[in-house]
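With chain A's structure known, arrange chain B on it following the hints.
Chains as they are written, first to last, in this note's numbering: chain A, 1140 to 1597; chain B, 3 to 158.
Keep in mind the hints are simulated off the structure, nothing from the lab.
A hint or two may mislead.
[Claimed, not checked] Quick look at which bits of chain B chain A covers, simulated, 3 or more residues with Cβ under 8 Å: (1) 89-95; (2) 115-122; (3) 138-146.
Cβ coordinates follow ideal geometry from the N, Cα and C atoms, glycine included.
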Amino acid sequence: MIKRVLIANRGEIALRILRACRQLGIEAVVAYSEADRESRAVLVADEAICIGPADAKRSYLSAPAVISAALATGCDAIHPGYGFLSENAAFAEAAAAHGLTFIGPSAEVLERFESKAGVRALLAKHGLPTIPGSDGVVADETAAAKAAAKIGYPVILKASAGGGGRGMRVIQNADDLAQLFSLCTQEAQAAFGDGSLYLEKYLVDTHHVEVQIAVDKAGTALHFGERDCSVQRRHQKLVEESPSTALTPKVREEFLARAAKAIGAAGYRNLGTLEFLVGPDGKPYFIEINCRIQVEHPVTEAVTGVDLVALQIRLAAGELMPMTQAEVERRGHAIEFRLTAEDPAQEFRPQAGEITTFRSPSGPWVRFDSHLYAGYEVPPYYDSLLAKLIVWGNTREEAIARSRAALLEVEIDGVATTRDFFLGLLETPSFLNGTATTGMLDAIGTADILAAAPKARA
Amino acid sequence: MPHNTERLGDLIDSLVPVLVERLHETGLGEIEIERDGAIVRVRAEDLNTPVASAPAPTAQRGGTPAAAAAAPSAADERRHPVRSTAVGFVKLAPDIHVGGKVAKGSLVATVDVLGVDVEVRADHGGIVAKLRCATGDPVEYGQELFLLESVGEGKL
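Okay, chain A solo, but in the shape it has when bound:
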C-alpha cells in the first residue's frame, strides 16, 4: 500500500507521475531544485519541497537529499521518473533502508541488471538472440582487438555502465581501436564512474525496436507491444512509434512473447524496456535493458489503453498483475514526437530562455505532455525536452496525417525547437514508407529535412 509519493524528477515526467498519483488517490509531493521553483509540476502540486540548488548533483542526483525530503514530508514511496536516480541500485537500497518503497525494480534486481555486458549474457541464456559481441567486458585493448577481429569490423564500443545513448563509439578498423580504446575508457570512467567497455558488431542499417514489459512480484511477465525508435540523432531518440514497420506479423508476435518470457525467467521485476536492433534480415537482436519508465511510454499507452505509470506504482506497491496477456489488446498506430529546446538548424544546439508564446495542439487522439507555459523560463541545467506530442490513428497513415495537423498547431516561441524538423520529417519519403533506419539522419541530413517542412505562415 502506497499512500504518499515523493516525485523525485522534473519537467513533463514529474507532471505525468503527479497525474497518475491523483488518479490513484495517492498523495504526491514534488521534489524540486531551486532552478525549478516556477516549474509547472511545482505550481500544480498540492505540496512541493525544495531539495537543493540547480546543480543536479546536489539536488535530483543526490540520494541523501531525495530520501531526506521524502522523510521530511512524510512520504512512504519515491518515484524516480527517468534519468537521474531512476536506475541507481544504491539509491533504491538506501530508500528501502529508510522504509521507503522505490517505485521501480528493487535494488537487488537493479544490481543484477546493472551491467550491460552481464545482462546481454543473462538474457542470451534465457533465449534472446544477441548481436555478436565480446564475451562480457573486455579487459584491455588487446582483448578488445582480439574480440573485434573475431566479430569483424565495424564494431561499436560501449560503456558497460552507460545509458541514454551515451558512452558509445563506432570503431571502423583496428587502427581506430588502437587510437580510441583508452579514450573511451576514460570517457566511460568520467561519465559513469566505471570505465568497463564491451563491444558488439556494428550494424549500419537497423531499426531500433524495443519491447515494453511489466513483471509482478510473482514473476508474471507481460509485454505491451513494441516501439520503433529508429529516427535518432547520435543515438538520441527523436520519434517513436508503435507498431514497428520493421517486423512482419509473424516475427512480431513470436518475438514479443519470447521477450516477456525471458525477462520474467531472468528475475526482472516491475516496469522495463528491452531494446533490440532489427537488422536487414528482419530479425531482432537484444542490445540492452532500461529498468525504468521511459520517455516514450505514451506511445504504448495510446495503442494498449494501459496506464503504464499507474501500473508501475501498483506493481511497486506489491499488487499482482491486474490483467492477462490476452487482455492487453493493441489497436491502431501511435507516434510520439519529442519537442526539445534545440535548434535543428544549428546542429541541434541546446537552447534556454523564456517561453514567450505557448500554444499546445489538441483534437481527437492528440496528447500533449508538457510542463511549459507562457512566461516559463527554460533553465539551462537539464535535459532539453519541452514537450511530447503523441498522436493515435487507426492506421499509420491516419496517425501521420493527424500528426501534421497537430504539429502545425504547436506554437512555442522564445527558444528554437524541433517542431519544423518534425514537419519536414513528415514529408520525407523514407519516414513515410517506414523504411527509415537509425542511419537516416546521416544519410539525408538535417538541412534537407528542414527544407521539406511546409513554409510557416508569413
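Below, chain B without anything else, positioned relative to chain A:
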C-alpha cells in the same frame, strides 16, 4: 483557533513591558513573539526611540506573521534571513532565540540529513529578531530558519 480575550489581555500585559525593555536593550527595530497561538509584536517607531504602540501592539489571533507584512523599512534592510543549507530536520543552536546574539560565521543550526548533520552558518552578525522554525521541524533547502537583525558595525 478561538481565543479567550481575557487571556489575551493578560498575555499582553505581561509580555509587552518585557518586550519593550528587550527592544531598548538590544537595539532591535522589532520583536515578535508567539504564545498560545497569538503573536505579539513590538515595533520601534523610530530606531532611536523605541516605543510600543500603546495600548496594545500587534496582537493577532492565530494569524500568520506574513499577513501583517509591512512595506520595506529601514529595519527590513538590516534584516538578514538565515536559510537552511539542506533538506531534513533542523536543530537550532542553543543561543538561537529571539534576542540572542549571533557572530558572523558562527554555527547557528544543523540540518539532519539521514543522520548526517549539515551545518548552517550565519552570513551576518546580528541579533535574532524572529524565529521561523523550531528544533525538530522538517525544513526544505533554502527555507528561512530565522531572521537576524544587524545592529551597527563593530557591535558583535
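Status of the hints after comparison with the structure:
1. 89-95: holds (count 3)
2. 115-122: Coverage by chain A holds for the segment 115-122 of chain B (3 residues, Cβ < 8 Å).
3. 138-146: Check passed, 6 qualifying residues.
Consistency with the previously given hints is maintained throughout, with no hint failing.
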